[in-house]
Amino acid sequence: MNDRYRTPLKIAIGLGSAQHGVHHFIMQRVTAVALMLLALWFLWIALSLLHTDYTGAHALVGQPFNAVLMLAFVVAVFWHAQLGLQVVIEDYVHTRWLEVALQLAVEFLCVLGALASVLAVVRIALG
Amino acid sequence: MPAIARPLSPHLSVYRWQIQMVASMLHRATGSALAFGTILLCMALIALASGPEAFAKVREFCGSWLGLVLLFGWSWAFSFHLLNGIRHLLQDIGMGFTIPQFVRNGWLATIGSFVLTALIWACVVIQGAAA
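Chains A and B are the protein sequences, given in the same order.
Residue numbering for the first sequence follows our numbering, beginning at 1 and increasing consecutively.
Residue numbering for the second sequence follows our numbering, beginning at 1001 and increasing consecutively.
Treat the hints with caution; some may be incorrect.
Cβ-Cβ distance ranges computed for the label pairs, FRET-style [as the list claims (entries may be wrong)]:
1. Leu9(A) with Met1025(B): 45 to 51 Å
2. Tyr92(A) with Val1014(B): 17 to 23 Å
3. Phe65(A) with Ile1099(B): 43 to 49 Å
4. His1011(B) with Trp41(A): 36 to 42 Å
5. Gly21(A) with Val1115(B): 34 to 40 Å
6. His1011(B) with Ala59(A): 51 to 57 Å
7. Leu15(A) with Ile1111(B): 49 to 55 Å
8. Ile13(A) with Val1115(B): 55 to 61 Å
9. Glu90(A) with Met1021(B): 15 to 21 Å
10. Ser48(A) with Val1069(B): 20 to 26 Å
11. Ile1126(B) with Trp41(A): 18 to 24 Å
Hints were generated in silico from the structure; no laboratory data involved.
Don't be surprised by glycine CBs; every beta carbon is placed ideally from N, CA and C.
Bound conformation, chain B alone (with noise of 0.2 Å):
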C-alpha cells in the first residue's frame, strides 16, 4: 500500500441500495456460502461410499438443528444462485440490457429464489423429512 493516503472512487456508502447492486453482491456471497457446501457434497459422497454406519453420521447432521440451518440457507443460496446465474447468462448474451429490464430481472431472481426455496422444502415436509 501506498504510504500517502490516495483518494478513492466513490464506495458502497455514497450509493442509494438498490436491486441490481443487490443481487451483484448476493450473487458473490451465495457463491462463496455454496463453495463451503461442496463439503457437506463431498463428505456425503464420501460417507455414501464407505458404509451405512458413515451414512447414518452425515445423517444424522443433517437431521440437526445446525444442519437443518445450513441446509436451508444453502438451499436458499443454491436457488439465487441458479436464477441470478440465468440471469447473467441471458445478459451475457446480449438480452435484457435496458434499466427497466435489469429492474424487473433483478427482483426477478430475487422473489423467484424465495418460491424455490419454498417449493424445495414443500417437497421435503411433504415427503416427511425421514432424517
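Only chain A is shown next, with the shape it has when bound in the complex (with noise of 0.2 Å):
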C-alpha cells in the first residue's frame, strides 16, 4: 500500500475498504451451490414422504444421514433466501424507513425459520 496519497488522519483513523464488499456475492454462490447439491436430495426426500404415514416419515427423517441434510439443506434455504429477499428489496423498495423495515423484517424471519427447522430436526433425530 502506497501511503503517499493517504493523508495522515485517514491512516490514524485507519477507514476506508473494509474488504467485506464481496462476502454478500460470494456468500450467495457459496449458498447456491450448497443448494443446488442438497436440492436433489431434497427432491428425493419429499418425495418418499408422500407414501409415508407419521411413523414413518418421522423415522426417516430422523435417521442421522437425513437429519443431517435437512439441517444443512434449511440453513442453506433460509441463508440463501435472506441474501436473495435482501437484493429484491434495496432494487425496488425505495423508501428509506421502508426498506430498513423490510431488511429487519426479512433477516428477523430467516432467522427464525432456520432455528425453528433446525429445532424441529433436532427434536425428530433425538425424540
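Fit the two chains together into the complex; they arrive one by one in their own frames, and the hints show the way.
Right, dumping it as C-alpha cells:
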C-alpha cells in the first residue's frame, strides 16, 4: 500500500474499504452451490415422504444421514433466501424507512425460520 | 425523491421481449416465491416434531386444492430456480457468454424447468399421492 496518497488522519483513523464488499456475492454463490446439491436430495426425500405415514416420515427424517442433510438444507435455504430477498428489496424499495423495516423483517424471519426448523429437526432426530 | 422529474434510463417497456430478460425476471420471481415456500417447509418440520395430529393437518393442507396449487407452483419455481441457478453459476465461472449461448441456455433452463416439474408430478401420480 502506497501511503503517499493517504493523509495522516486517514491512516490514524484506519477507515477505508473493510474488504467485505464481495462477502454478499460470495456467500450467495456458496449457498447456491450447496443448495444445488442438497436440492436433489430434498426432492428425493420430499417425494419419499408422500407415501409414508407419520411414523414412517418421522423415522425417515430422523435417520442421522437425512437429519444432517435436512439441517444443512434449512440453514442454506434460509441464508440464501435472506441474501436474495435483500437484493430484491434494495432494488425495488426506494422509501428509506420502509426499506430498512423490510430488511429487518426479512432478516429476523429468516433467522427465526432457520432456528425453528433446526430445533424441529433436532427434536425429530433425538426424540 | 427529487422534486424535479429527471429523465430516466430506458426501462422494460422499450425492449423487445427476449429469453434473457424473461429468465432474469423469472429467477427473481421464483426465488421470492420459494422464500415464501419456506414457511410450509418450516411448518411441516415443526408438525413432524410435534406429533401425528399436527402432521395430519399439514397433510390435509397439502392435499387441499389450495395446497396442491401452491405445491404445483412451488415445484415449478423450484425447478426453474435450480436450473437457471446452474446457468448463473456456470456464467459466474465464465462459461456461456456469447449471445447464441445465452439464448440457448435461457431456453434450456426454461424448457428444462417444465420437464423437471412434469417429472416431479409424474412421480407423485405414480406413487398414488396418499395425501
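Checked hints:
Between leucine 9(A) and methionine 1025(B), the C-beta spacing of about 47 Å keeps the proposed range 45 to 51 Å intact. Taking 17 to 23 Å as the suggested C-beta distance range, the pair tyrosine 92(A) and valine 1014(B) conforms, at roughly 19 Å. Remark: the range hint 43 to 49 Å for phenylalanine 65(A) to isoleucine 1099(B) is upheld by a beta-carbon distance near 44 Å. Between histidine 1011(B) and tryptophan 41(A) the Cβ separation comes to about 40 Å, which falls inside the hinted range of 36 to 42 Å.
Take glycine 21(A) and valine 1115(B): their Cβ atoms lie about 38 Å apart, and the range 34 to 40 Å holds. Between histidine 1011(B) and alanine 59(A) the beta carbon distance is about 53 Å. The supplied range of 51 to 57 Å therefore holds. Evaluation of the 49 to 55 Å hint for leucine 15(A) and isoleucine 1111(B) yields a pass: the beta carbon distance comes to about 50 Å. Checked against the hint of 55 to 61 Å, the pair isoleucine 13(A) and valine 1115(B) passes, with Cβ atoms roughly 57 Å apart.
Separation of glutamate 90(A) from methionine 1021(B) is about 19 Å and conforms to the stated range, judged on CB atoms against 15 to 21 Å. The hinted range of 20 to 26 Å is satisfied by serine 48(A) and valine 1069(B), whose Cβ atoms lie roughly 23 Å apart. At about 20 Å, the beta-carbon gap between isoleucine 1126(B) and tryptophan 41(A) stays in the expected band of 18 to 24 Å.
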